[in-house]
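Visitor: What follows is the residue order along each chain.
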Amino acid sequence: MTSSSKHKKLAKSLLQFSLNEEGHIVDSKIEEILSSLRSSNPSGLKSLLRFFYTEVRRYEYTYHAIAEIGCKDEPNITNSIVKKLESAIGKNIKLTVIENPQIISGCRVRLKDDVYEDSLQSRLQNLEKSFH
Amino acid sequence: MSTLASITDTAQDIADTFGVDWPMLIAQSINFLIVAFVIWKFAFSNVLSTIKEREKQIADSLKNADRIKLELEETEKKQQETLQEASLSAKKTVTDAQDKAKAFIEGQKDDARKQAEEIISKAKIAMDLEREKVLKEAREEIASLVILTTTKVLQKELSEDDRSRFSQSAIENLNLTK
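Line by line, the protein sequences give chains A and B. Residues in the first sequence are numbered consecutively from 1, following the working numbering. Residues in the second sequence are numbered consecutively from 1, following the working numbering.
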């Protein structure tokens, strides 16, 4: 086994270690892992950190949704989005809600490579496209 | 017999009156005959033959002249005919050339007319396309302006409650299936 494949495997294990019960990445655990790596300073640390970073980003990408809404964030809105997403993909979701006045009203949700949108801005854009 | 004697006497009287010398007369007659014979033999016959020859030549020439005159008339006649034919042929050529020129001009006119019609129809098509293009651009421009205005109005006029209600409704209607 080459060193890069060993580091990949190790990075995956470190990722598993940094998850909580809900399957979400915990920031404190990440901090812990990084400090221990710094102190132990194993060979190929740079490569290992690069793989770890890639794994973390990739994993977070799969369950971390970003929702843009056109109004002030309210708990019922956040809960609705989370419920909808979790029922659709079947796992726990971490949601970040951003207020975006550009979309006027409605919401735009990004999860992995998918974007789900129903906003006034998108409707007006579709209407404009229909004239072309 | 007496008549005969009287005649002989009369003749003698006349001879005496005019002084006729019979031996001289006979001798002169014989000389005359000899000279006449010599002249006729050596000169006259040559002259006569020459004259005859000349006459023959003249007759031949006259005959030739007649023949030449006939031939000349024939030639003139043929020349006239040839000239007439040439004149007819030239007239025909000119007429043909005129007809061809007319036909060519008509053909050119038709071509020019067709080209003009083609140009006009192409220009019409180009104008129609241009109009369509302008209308399309105007439509798009107007649509963009309307959308922009609508966006600005909505951004300004929509209340927070309205936004919140719409957002909630949008979330409920969000289709998360692929």
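In case anyone wonders, no lab produced these hints; they're calculated from the structure. As the structure is a prediction and not an experimental result, all values here were calculated from the model. Among these hints, one or two may not hold up.
Taking lysine-lysine and the DSSO-like style, the derived pairs with C-alpha atoms no more than 30 Å apart in a straight line are [unchecked claim]:
#1 A:K129 x B:K152
#2 A:K72 x A:K46
#3 A:K112 x A:K94
#4 A:K72 x B:K156
#5 B:K122 x B:K133
#6 A:K129 x B:K156
#7 A:K129 x B:K78
#8 B:K136 x A:K72
Visitor: Against each hint, give a clear statement of whether it holds in the structure.
Guide: Against the structure, the hints come out as follows:
For the hint linking A:K129 to B:K152, the alpha-carbon distance of about 18 Å falls within 30 Å, and the restraint holds. Simply put, A:K72 and A:K46 have alpha-carbon atoms about 42 Å apart, too far for the 30 Å limit, and the pair is violated. Restraint check: the Cα-Cα separation between A:K112 and A:K94 comes to about 12 Å, which is no more than 30 Å; the hinted pair holds. Between A:K72 and B:K156 the CA atoms are separated by roughly 15 Å; this keeps the pair inside 30 Å, and the hint holds.
A distance of roughly 16 Å separates the Cα atoms of B:K122 and B:K133; the hinted pair therefore holds under the 30 Å criterion. Among the hinted pairs, A:K129 with B:K156 is consistent with the structure: their alpha-carbon atoms are about 23 Å apart, no more than 30 Å. For a cut-off of 30 Å, the pair hint linking A:K129 to B:K78 is broken: about 95 Å separates their Cα positions. A distance of roughly 39 Å separates the Cα atoms of B:K136 and A:K72; the hinted pair therefore is violated under the 30 Å criterion.
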